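*Asks:* From just these sequences and the hints, can you work out the full model?
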Amino acid sequence: MSGAAAVAPILVPFDGSAVAEAALPYAAALAGLGGPIVLLQAVSEPQPILDILSDVVLTADHLLRLTRDAAMTDLDRAEHLLHRLDPTLAVDRRVVVGDPATTIVDAATAGRVGRVVMTSRGLSGTPAGQLGSVAHRLTEANPAPLLLVPLETSGETGLRRLVVGHDGSDHAQAALTVAAEVARRHEASILLVGVVESGGPKGTPLDHLEMLDDRVAAGVLADARRDAQRAVEGAGALLLRQGVHVSWETPAGDPATELMAICRPGDTLVIASHGRSGATQWGLGSVARRLLQGSLQPVLLVRADPTEEG
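Anchor point for the sequence shown: position 265 equals 270 in my numbering, and the numbering is continuous, going up by one each time.
Treat the hints with care, since some could be wrong.
Per label pair, the in silico range of CB-to-CB distance [as the list claims (entries may be wrong)]:
1. 245 to 37: 20 to 26 Å
2. 294 to 246: 31 to 37 Å
3. 231 to 262: 20 to 26 Å
4. 262 to 186: 26 to 32 Å
5. 186 to 301: 22 to 28 Å
6. 186 to 64: 45 to 51 Å
7. 246 to 23: 28 to 34 Å
8. 88 to 67: 17 to 23 Å
In case anyone wonders, no lab produced these hints; they're calculated from the structure.
Bear in mind that the values here come from a model prediction, so they are computed numbers and not experimental data.
For every residue, glycine included, the Cβ atom is placed at its ideal position computed from N, Cα and C.
*Replies:* Following this line, the structure appears as C-alpha coordinates:
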(Lines of atoms letter the chains of each structure in order from A and count residues from 1; the text may use other names and numbers.)
(Lines give C-alpha, C1' and ligand atoms only; values in the text may rest on other atoms or scores of the structure.)
Protein backbone atom coordinates (compact mmCIF):
# COMPACT_ATOMS: atom_id res chain seq x y z
CA MET A 1 0.00 0.00 0.00
CA SER A 2 1.43 3.35 -0.99
CA GLY A 3 1.99 6.18 1.43
CA ALA A 4 -0.57 8.33 -0.38
CA ALA A 5 -3.22 5.66 0.03
CA ALA A 6 -2.31 5.27 3.70
CA VAL A 7 -2.99 8.91 4.60
CA ALA A 8 -5.92 9.65 2.30
CA PRO A 9 -9.02 10.05 4.48
CA ILE A 10 -12.23 8.08 4.26
CA LEU A 11 -15.17 10.36 3.51
CA VAL A 12 -18.44 9.44 5.24
CA PRO A 13 -21.48 11.53 4.24
CA PHE A 14 -23.73 11.59 7.31
CA ASP A 15 -27.21 13.11 7.42
CA GLY A 16 -27.88 12.31 11.06
CA SER A 17 -30.32 9.48 10.40
CA ALA A 18 -30.29 5.95 11.74
CA VAL A 19 -30.02 4.93 8.09
CA ALA A 20 -26.69 6.73 7.75
CA GLU A 21 -25.38 5.13 10.94
CA ALA A 22 -25.35 1.75 9.20
CA ALA A 23 -22.26 2.83 7.24
CA LEU A 24 -20.18 3.73 10.30
CA PRO A 25 -18.96 0.20 11.21
CA TYR A 26 -17.70 -0.27 7.65
CA ALA A 27 -15.91 3.08 7.69
CA ALA A 28 -14.24 2.13 10.96
CA ALA A 29 -13.22 -1.26 9.59
CA LEU A 30 -11.77 0.25 6.41
CA ALA A 31 -9.92 2.96 8.29
CA GLY A 32 -8.11 0.47 10.50
CA LEU A 33 -5.74 1.43 13.30
CA GLY A 34 -5.65 5.21 13.60
CA GLY A 35 -7.13 5.75 10.14
CA PRO A 36 -8.49 9.23 9.36
CA ILE A 37 -12.24 9.60 8.76
CA VAL A 38 -14.01 12.75 7.58
CA LEU A 39 -17.64 12.96 8.68
CA LEU A 40 -19.46 15.34 6.36
CA GLN A 41 -22.96 16.76 6.65
CA ALA A 42 -24.28 19.11 3.98
CA VAL A 43 -27.03 21.56 4.92
CA SER A 44 -29.10 23.60 2.50
CA GLU A 45 -28.98 27.39 2.53
CA PRO A 46 -31.99 28.44 4.63
CA GLN A 47 -34.48 31.14 3.75
CA PRO A 48 -35.77 33.65 6.31
CA ILE A 49 -39.06 32.87 8.03
CA LEU A 50 -41.70 35.56 7.56
CA ASP A 51 -44.99 36.16 9.32
CA ILE A 52 -48.28 36.83 7.54
CA LEU A 53 -47.29 40.50 7.19
CA SER A 54 -43.98 39.51 5.56
CA ASP A 55 -42.02 40.69 8.56
CA VAL A 56 -38.91 38.63 9.31
CA VAL A 57 -39.42 36.31 12.27
CA LEU A 58 -36.14 34.42 11.92
CA THR A 59 -33.34 35.65 9.69
CA ALA A 60 -31.53 33.34 7.30
CA ASP A 61 -28.31 33.82 9.28
CA HIS A 62 -30.01 32.81 12.52
CA LEU A 63 -31.55 29.75 10.88
CA LEU A 64 -28.19 28.82 9.40
CA ARG A 65 -26.54 28.96 12.83
CA LEU A 66 -29.26 26.73 14.26
CA THR A 67 -28.97 24.34 11.33
CA ARG A 68 -25.18 24.15 11.61
CA ASP A 69 -25.42 23.54 15.37
CA ALA A 70 -27.89 20.70 14.81
CA ALA A 71 -25.66 19.21 12.12
CA MET A 72 -22.62 19.36 14.40
CA THR A 73 -24.62 17.59 17.10
CA ASP A 74 -25.33 14.82 14.58
CA LEU A 75 -21.63 14.58 13.74
CA ASP A 76 -20.69 14.52 17.43
CA ARG A 77 -22.95 11.49 17.85
CA ALA A 78 -21.43 9.79 14.80
CA GLU A 79 -17.93 10.45 16.12
CA HIS A 80 -18.92 8.90 19.44
CA LEU A 81 -20.25 5.81 17.65
CA LEU A 82 -17.02 5.49 15.66
CA HIS A 83 -14.88 5.77 18.78
CA ARG A 84 -16.94 3.06 20.45
CA LEU A 85 -15.91 0.83 17.54
CA ASP A 86 -12.28 1.97 17.49
CA PRO A 87 -10.99 4.53 20.03
CA THR A 88 -7.85 5.14 17.94
CA LEU A 89 -9.69 6.59 14.95
CA ALA A 90 -8.87 10.14 13.94
CA VAL A 91 -12.19 11.81 13.08
CA ASP A 92 -12.71 15.19 11.43
CA ARG A 93 -16.25 16.67 11.49
CA ARG A 94 -17.30 19.07 8.75
CA VAL A 95 -20.53 20.93 8.04
CA VAL A 96 -20.83 22.47 4.58
CA VAL A 97 -23.59 24.68 3.21
CA GLY A 98 -25.16 23.98 -0.15
CA ASP A 99 -27.18 21.45 -2.06
CA PRO A 100 -26.41 18.15 -0.27
CA ALA A 101 -25.88 16.02 -3.37
CA THR A 102 -23.71 18.65 -5.08
CA THR A 103 -21.55 19.46 -2.05
CA ILE A 104 -20.96 15.81 -1.18
CA VAL A 105 -20.03 14.95 -4.76
CA ASP A 106 -17.72 17.98 -4.88
CA ALA A 107 -16.02 16.88 -1.65
CA ALA A 108 -15.64 13.32 -2.91
CA THR A 109 -14.21 14.37 -6.27
CA ALA A 110 -11.77 16.96 -4.92
CA GLY A 111 -8.94 14.44 -5.27
CA ARG A 112 -8.00 14.15 -1.58
CA VAL A 113 -10.23 11.22 -0.62
CA GLY A 114 -9.05 7.62 -0.37
CA ARG A 115 -12.49 6.00 -0.03
CA VAL A 116 -16.11 7.07 0.27
CA VAL A 117 -18.38 5.03 2.58
CA MET A 118 -22.12 5.59 2.82
CA THR A 119 -25.45 3.83 2.82
CA SER A 120 -27.10 3.29 -0.54
CA ARG A 121 -30.20 5.19 0.55
CA GLY A 122 -30.58 8.22 2.81
CA LEU A 123 -33.24 10.16 4.66
CA SER A 124 -35.34 10.72 1.54
CA GLY A 125 -36.97 7.30 1.88
CA THR A 126 -35.75 5.95 -1.45
CA PRO A 127 -37.52 2.66 -2.19
CA ALA A 128 -35.62 -0.62 -1.81
CA GLY A 129 -33.78 -1.61 -4.97
CA GLN A 130 -33.01 2.01 -5.88
CA LEU A 131 -30.05 4.22 -5.04
CA GLY A 132 -30.51 7.51 -3.22
CA SER A 133 -29.74 10.69 -5.14
CA VAL A 134 -26.33 11.23 -3.55
CA ALA A 135 -25.29 7.59 -3.96
CA HIS A 136 -26.42 7.60 -7.58
CA ARG A 137 -24.42 10.72 -8.41
CA LEU A 138 -21.34 9.37 -6.67
CA THR A 139 -21.45 6.17 -8.72
CA GLU A 140 -21.32 8.32 -11.86
CA ALA A 141 -18.76 10.93 -10.82
CA ASN A 142 -16.66 9.79 -7.86
CA PRO A 143 -13.09 8.78 -8.83
CA ALA A 144 -12.33 7.22 -5.42
CA PRO A 145 -13.48 3.70 -4.51
CA LEU A 146 -17.04 3.89 -3.19
CA LEU A 147 -18.41 1.48 -0.57
CA LEU A 148 -22.21 1.43 -0.59
CA VAL A 149 -23.87 -0.27 2.37
CA PRO A 150 -27.45 -1.48 1.78
CA LEU A 151 -29.94 -1.19 4.61
CA GLU A 152 -30.71 -4.90 4.22
CA THR A 153 -27.11 -5.96 4.85
CA SER A 154 -26.56 -8.65 7.44
CA GLY A 155 -23.63 -10.35 9.10
CA GLU A 156 -20.37 -9.08 10.59
CA THR A 157 -18.69 -5.93 9.35
CA GLY A 158 -15.11 -7.04 9.81
CA LEU A 159 -14.25 -7.31 6.08
CA ARG A 160 -13.52 -11.02 6.50
CA ARG A 161 -14.10 -12.06 2.87
CA LEU A 162 -14.04 -9.98 -0.31
CA VAL A 163 -15.90 -11.38 -3.31
CA VAL A 164 -14.27 -9.89 -6.40
CA GLY A 165 -15.93 -9.98 -9.81
CA HIS A 166 -13.14 -10.59 -12.33
CA ASP A 167 -13.73 -10.67 -16.09
CA GLY A 168 -10.07 -10.55 -17.14
CA SER A 169 -10.15 -6.87 -18.11
CA ASP A 170 -7.77 -4.14 -16.97
CA HIS A 171 -10.72 -2.56 -15.16
CA ALA A 172 -11.34 -5.75 -13.20
CA GLN A 173 -7.64 -5.84 -12.36
CA ALA A 174 -7.92 -2.31 -10.95
CA ALA A 175 -10.75 -3.48 -8.69
CA LEU A 176 -8.68 -6.51 -7.66
CA THR A 177 -5.75 -4.25 -6.76
CA VAL A 178 -7.98 -2.30 -4.37
CA ALA A 179 -9.38 -5.55 -2.94
CA ALA A 180 -5.87 -6.95 -2.42
CA GLU A 181 -4.86 -3.80 -0.53
CA VAL A 182 -7.88 -4.14 1.77
CA ALA A 183 -7.30 -7.88 2.21
CA ARG A 184 -3.66 -7.46 3.21
CA ARG A 185 -4.47 -4.68 5.64
CA HIS A 186 -7.33 -6.50 7.33
CA GLU A 187 -6.16 -10.12 6.91
CA ALA A 188 -9.25 -10.85 4.82
CA SER A 189 -9.61 -13.58 2.23
CA ILE A 190 -10.53 -13.02 -1.41
CA LEU A 191 -12.88 -15.09 -3.55
CA LEU A 192 -12.31 -14.41 -7.26
CA VAL A 193 -15.40 -14.99 -9.39
CA GLY A 194 -15.17 -15.23 -13.17
CA VAL A 195 -18.70 -15.66 -14.51
CA VAL A 196 -19.03 -17.46 -17.84
CA GLU A 197 -21.76 -15.44 -19.49
CA SER A 198 -21.63 -15.91 -23.26
CA GLY A 199 -19.66 -17.54 -26.02
CA GLY A 200 -19.58 -18.53 -29.65
CA PRO A 201 -18.60 -16.54 -32.74
CA LYS A 202 -21.55 -14.16 -32.32
CA GLY A 203 -21.55 -14.04 -28.53
CA THR A 204 -24.51 -16.40 -28.23
CA PRO A 205 -25.83 -16.16 -24.64
CA LEU A 206 -25.44 -19.30 -22.59
CA ASP A 207 -29.17 -19.14 -21.92
CA HIS A 208 -29.68 -19.85 -25.63
CA LEU A 209 -27.17 -22.62 -26.15
CA GLU A 210 -30.12 -24.87 -26.98
CA MET A 211 -30.24 -23.05 -30.33
CA LEU A 212 -26.88 -24.61 -31.23
CA ASP A 213 -25.93 -28.15 -32.11
CA ASP A 214 -25.18 -30.02 -28.89
CA ARG A 215 -21.53 -30.53 -29.76
CA VAL A 216 -21.08 -26.89 -30.78
CA ALA A 217 -22.83 -25.70 -27.62
CA ALA A 218 -20.62 -27.92 -25.47
CA GLY A 219 -17.54 -26.54 -27.20
CA VAL A 220 -18.69 -22.95 -26.72
CA LEU A 221 -19.28 -23.50 -23.03
CA ALA A 222 -15.97 -25.32 -22.56
CA ASP A 223 -14.02 -22.54 -24.31
CA ALA A 224 -15.73 -19.84 -22.27
CA ARG A 225 -15.15 -21.66 -19.01
CA ARG A 226 -11.50 -22.29 -19.91
CA ASP A 227 -10.98 -18.57 -20.60
CA ALA A 228 -12.63 -17.63 -17.31
CA GLN A 229 -10.60 -20.22 -15.40
CA ARG A 230 -7.37 -18.97 -16.95
CA ALA A 231 -8.17 -15.37 -15.96
CA VAL A 232 -8.97 -16.10 -12.31
CA GLU A 233 -6.15 -18.63 -11.89
CA GLY A 234 -3.61 -16.11 -13.18
CA ALA A 235 -4.90 -13.38 -10.90
CA GLY A 236 -5.17 -15.79 -7.98
CA ALA A 237 -1.62 -17.07 -8.38
CA LEU A 238 -0.30 -13.52 -8.20
CA LEU A 239 -2.25 -12.86 -5.00
CA LEU A 240 -0.98 -16.09 -3.44
CA ARG A 241 2.60 -14.98 -4.08
CA GLN A 242 1.73 -11.74 -2.27
CA GLY A 243 0.58 -13.67 0.78
CA VAL A 244 -3.16 -13.14 0.27
CA HIS A 245 -5.50 -16.04 1.05
CA VAL A 246 -7.45 -16.47 -2.20
CA SER A 247 -9.75 -18.97 -3.90
CA TRP A 248 -11.71 -18.79 -7.14
CA GLU A 249 -14.85 -19.99 -8.88
CA THR A 250 -16.11 -19.87 -12.47
CA PRO A 251 -19.90 -20.30 -12.39
CA ALA A 252 -21.98 -20.09 -15.57
CA GLY A 253 -24.95 -17.78 -15.87
CA ASP A 254 -25.93 -14.15 -15.51
CA PRO A 255 -23.04 -12.20 -13.90
CA ALA A 256 -25.07 -10.09 -11.47
CA THR A 257 -27.24 -13.03 -10.43
CA GLU A 258 -24.27 -15.34 -9.89
CA LEU A 259 -22.27 -12.78 -7.91
CA MET A 260 -25.17 -12.04 -5.58
CA ALA A 261 -25.86 -15.75 -5.13
CA ILE A 262 -22.25 -16.46 -4.16
CA CYS A 263 -22.14 -13.69 -1.54
CA ARG A 264 -23.02 -14.72 2.00
CA PRO A 265 -23.70 -12.62 5.11
CA GLY A 266 -20.58 -10.74 6.14
CA ASP A 267 -19.09 -10.63 2.63
CA THR A 268 -18.17 -7.45 0.77
CA LEU A 269 -18.54 -7.47 -3.01
CA VAL A 270 -15.80 -5.68 -4.99
CA ILE A 271 -16.43 -4.72 -8.62
CA ALA A 272 -15.21 -2.35 -11.30
CA SER A 273 -17.70 0.13 -12.68
CA HIS A 274 -17.14 -1.22 -16.20
CA GLY A 275 -15.75 -4.32 -17.87
CA ARG A 276 -15.49 -5.67 -21.40
CA SER A 277 -17.99 -7.54 -23.53
CA GLY A 278 -17.27 -11.04 -24.74
CA ALA A 279 -17.17 -14.67 -23.66
CA THR A 280 -15.98 -14.10 -20.12
CA GLN A 281 -15.65 -10.30 -20.17
CA TRP A 282 -19.07 -9.09 -19.15
CA GLY A 283 -20.26 -5.54 -19.73
CA LEU A 284 -19.83 -4.45 -16.12
CA GLY A 285 -21.56 -1.10 -16.63
CA SER A 286 -24.96 -2.78 -16.54
CA VAL A 287 -23.79 -5.50 -14.15
CA ALA A 288 -22.45 -2.91 -11.69
CA ARG A 289 -25.75 -1.05 -11.78
CA ARG A 290 -27.73 -4.19 -10.96
CA LEU A 291 -25.37 -5.16 -8.16
CA LEU A 292 -25.47 -1.72 -6.58
CA GLN A 293 -29.26 -1.77 -6.63
CA GLY A 294 -29.85 -5.40 -5.72
CA SER A 295 -27.01 -6.68 -3.52
CA LEU A 296 -27.87 -7.40 0.11
CA GLN A 297 -24.18 -7.11 1.02
CA PRO A 298 -21.96 -4.01 0.80
CA VAL A 299 -20.53 -3.25 -2.63
CA LEU A 300 -17.12 -1.61 -3.09
CA LEU A 301 -17.20 0.06 -6.51
CA VAL A 302 -13.89 0.92 -8.16
CA ARG A 303 -14.34 3.57 -10.81
CA ALA A 304 -13.09 2.71 -14.32
CA ASP A 305 -13.24 4.66 -17.56
CA PRO A 306 -14.84 2.35 -20.18
CA THR A 307 -12.87 4.12 -22.95
CA GLU A 308 -9.48 3.29 -21.43
CA GLU A 309 -9.47 -0.50 -21.74
CA GLY A 310 -6.31 -1.64 -23.45
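*Asks:* I want to verify a distance hint. Is the separation of the beta carbons of residue 88 and residue 67 within 17 to 23 Å?
*Replies:* At 32 Å between Cβs, range violated.
*Asks:* Measuring from beta carbon to beta carbon, are residue 246 and residue 23 in 28 to 34 Å?
*Replies:* violated, 44 Å
*Asks:* Quick one: are residue 262 and residue 186 within 26 to 32 Å, going by C-beta?
*Replies:* Given a distance of about 28 Å, which is inside 26 to 32 Å, the answer is holds.
*Asks:* Using the Cβ atoms, figure out if residue 186 sits within 22 to 28 Å of residue 301.
*Replies:* Taking Cβ atoms as reference, residue 186 and residue 301 lie about 25 Å apart, which means the hint holds.
*Asks:* Cβ-Cβ distance between residue 245 and residue 37: within 20 to 26 Å?
*Replies:* The hinted range 20 to 26 Å holds for residue 245 and residue 37, with Cβ atoms some 23 Å apart.
*Asks:* Okay, residue 186 versus residue 64 on CB: inside 45 to 51 Å?
*Replies:* holds, 49 Å
*Asks:* Between residue 294 and residue 246, does the C-beta distance stay in 31 to 37 Å?
*Replies:* Since the Cβ atoms of residue 294 and residue 246 sit about 34 Å apart, the hinted range of 31 to 37 Å holds.
*Asks:* CB of residue 231 to CB of residue 262, is that within 20 to 26 Å?
*Replies:* holds, 22 Å
Comparing the model with each numbered hint stated earlier shows that hints 7, 8 do not hold.
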